[in-house]
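Visitor: Taken in sequence, the protein lines are chains A and B. Numbers in the working numbering are just positions in the first sequence, counted from 1, shifted up by 494. Numbers in the working numbering are just positions in the second sequence, counted from 1, shifted up by 456.
None of these hints come from the bench; they were simulated from the model. Cβ coordinates follow ideal geometry from the N, Cα and C atoms, glycine included. Please note: incorrect hints may appear among the correct ones.
What the hints assert, rightly or not - Short, incomplete list of chain B residues facing chain A, as computed with Cβ under 7 Å:
(1) Ala466
(2) Ser469
(3) His505
(4) Val571
(5) Thr609
(6) Cys610
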Amino acid sequence: MIANRGEIAVRIVRACRDLDISPVAVYSEADRDALHVKLADEAYPIGPAPAAESYLVADKILDAARKSGAEALHPGYGFLAENEGFARACRASDVTFIGPSPEAIRLMGSKVASRTAMVEAGVPVIPGSSSLEDPEEALSFCREIGYPVMIKASAGGGGIGMRAVHDEADLIPAFEQARSQARDFFNDGTVFVEKCLQRPRHIEIQILGDRHGHRIHLGERECSIQRRHQKVVEECPSPLVDEDFRRRLGETALKAARAVDYFSAGTVEMLVDAREDGREFYFLEMNTRLQVEHPVTEIVTGVDLVQEQIRIANGEPLSMRQEDVAMTGWAIECRVYAEDPDNSFLPSPGQILELFEPSGPGIRNDSGVYSGFRVPVHYDPLISKLIAFGRDRSQAVRRMRRALSEYRIAGVRTNMPFLETLLAHPAFQSGELSTDFIDRHGLLQAESSNSDSVPALAAAIERSSRHQAPPRHEAKESGWKLSGRVRR
Amino acid sequence: MKLQASVNGALYSIETQQRPNVDEAPLFEVSISGQGPPRRVRVLSRTRHRWTLLIDNRVEDCLIYDDAGKTWVDWRGQVYPVEITDPRQDSLHSALASRRGGSGSLKAQMPGKVVKVLIGQGDTVESGQGLVIVEAMKMQNELKAPTSGIVKTCRVVEGQNVNGGDLLFEIE
């Protein structure tokens, strides 16, 4: 059973097919015509469109699992993937949860608890506090570690409830706002404070562990290009990481995984402070699930991570040892969203009138949509993950730019023009990444309007042709139309 | 056909004339006022929305579709909103626009929660001015006035949940 939707549900269906496992889909009312449903063997309705009434309702999902007789369940990412209660409920219903233990989910799901566990395990963490009860505590703590600081929600994710504070004067209002936002979004107002690194890079390590105690790492990904703390572009490997640093990062990540007896796929996220005098790295958090950007690791290491997850859940040992893991070539992923760049990147749902996907050498597009599909308003507006790979970074970048120019979507606005600007930027091309890349290079500023007349001309031709029969396969034009006897 | 096209603040007066087909491809002569002699444009092929034009042997491959009263042209990596006015259709167009409620209303694009209402009924607002902050899709978004005018009705309060398509403000 695939307890998810969109592109990741399609991804999991494909892994099932490659293993000769029958995939079973669930769908909300808004997803009746979704791609993952078309590709499944069976499908079960789970309620109205809002996630809170469908994909987030454990009972409905487990009910569907029982009806279908599914032996295992893959939660994808988001929704119930890191919900400890759901993992337990699967166990209780005799459905194998394809993921780690509920205990690991719980421990790593709390930013405060995981920090404590990491400190105990000897994993470096960003200087920070445990949970803070009142503004005065926060104030005195920040005085000690120094500004700038980042206020974070312990139960948070996706950048919500995070606030950077540069000045002591702003601390208390920011603290209160963060707390109330955390209460509203996560039902948990627990916040803590971390030192803010100056020019950090987001580097994460992919972990795989089986149920027999073997654990390996599959190298790093760099996800520094973010907008409002949401990842936009990810790559594998990282331009910053050499063999030696990779080994250190990998060993640290394995230490973290060992501390919670981790198995299945997981990712240890770190912040790397790349300074003149060397690189410091710190544990940020561990994601106890498959990540959105897993394809870049799959391509460079040749490992099918979803397949491995399924095999691990089935009790099989890992199909490789650490020394078998090799990284070849370079992969870059761009997240293509239905967003309006002229309107603060607000989601731009609607019907995809026509879609032309890129392909060719070094291109992979993990998509959950198709021509004619109506992108629903109720969920993350991800259209697809476009991945380009090559023998080195510059070939991957060139292929990505080529793929973006081939990728055409009519009917919804997308962030593709923004991605093109980003990929064309010299700092991106030379690998000078950082988490403030987008702001630092002013990439959110509106493009200077192109005053070429071609768009106007094309629109005029389209308008003039409206009385005509369109595509060539339709009937030849009659003499009536050619002689100009036309009306709108 | 004589048309006016407005794109990104630039106004074009365009005249298109269909000529006999060449190789079965529709051929147009297009004059844009102020841009010299007419250009020959062949419509090499088209699907419902993808138009492949040949302008002086240069391939211009565009996506063209209508949305919210504008014609959108996706050309060379950018999407352009083009407002086409057909002088013959003017009166019909404005009649339809006023029946539809015009551009003086702000609707919620997706479900969310109203965090802060920035203006009140009776206030004068400028096009592009922030009217309300709505939390949705993991982000806080400031929704802006589509036109200038006076806020006729304000249909939301802080803390309220809104659904996609809900009318939030009317401006006139």
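Visitor: Once the shortest beta carbon distance from B:Thr609 to chain A is found, is it less than 7 Å?
Guide: Interface hint status for B:Thr609: violated (22 Å vs cutoff 7 Å).
Visitor: Close enough to count: is the Cβ of B:Ala466 nearer than 7 Å to one in chain A?
Guide: 5 Å, holds
Visitor: Quick check on the hint: B:Cys610 CB to chain A CB, less than 7 Å?
Guide: With Cβ-Cβ at 20 Å, over 7 Å, it is violated.
Visitor: Measuring from the C-beta of B:His505 to each C-beta in chain A, is the shortest one below 7 Å?
Guide: With a minimum Cβ separation of about 4 Å from chain A (threshold 7 Å), the hint on B:His505 holds.
Visitor: Let me know if the C-beta of B:Val571 comes in closer than 7 Å to any C-beta of chain A, holds or violated.
Guide: 9 Å, violated
Visitor: Is the interface hint for B:Ser469 satisfied, with its Cβ closer than 7 Å to some Cβ of chain A?
Guide: With a closest approach of 10 Å, the B:Ser469 hint is violated.
Comparing the model with each earlier hint shows violations of hints 2, 4, 5, 6; every other hint is respected.
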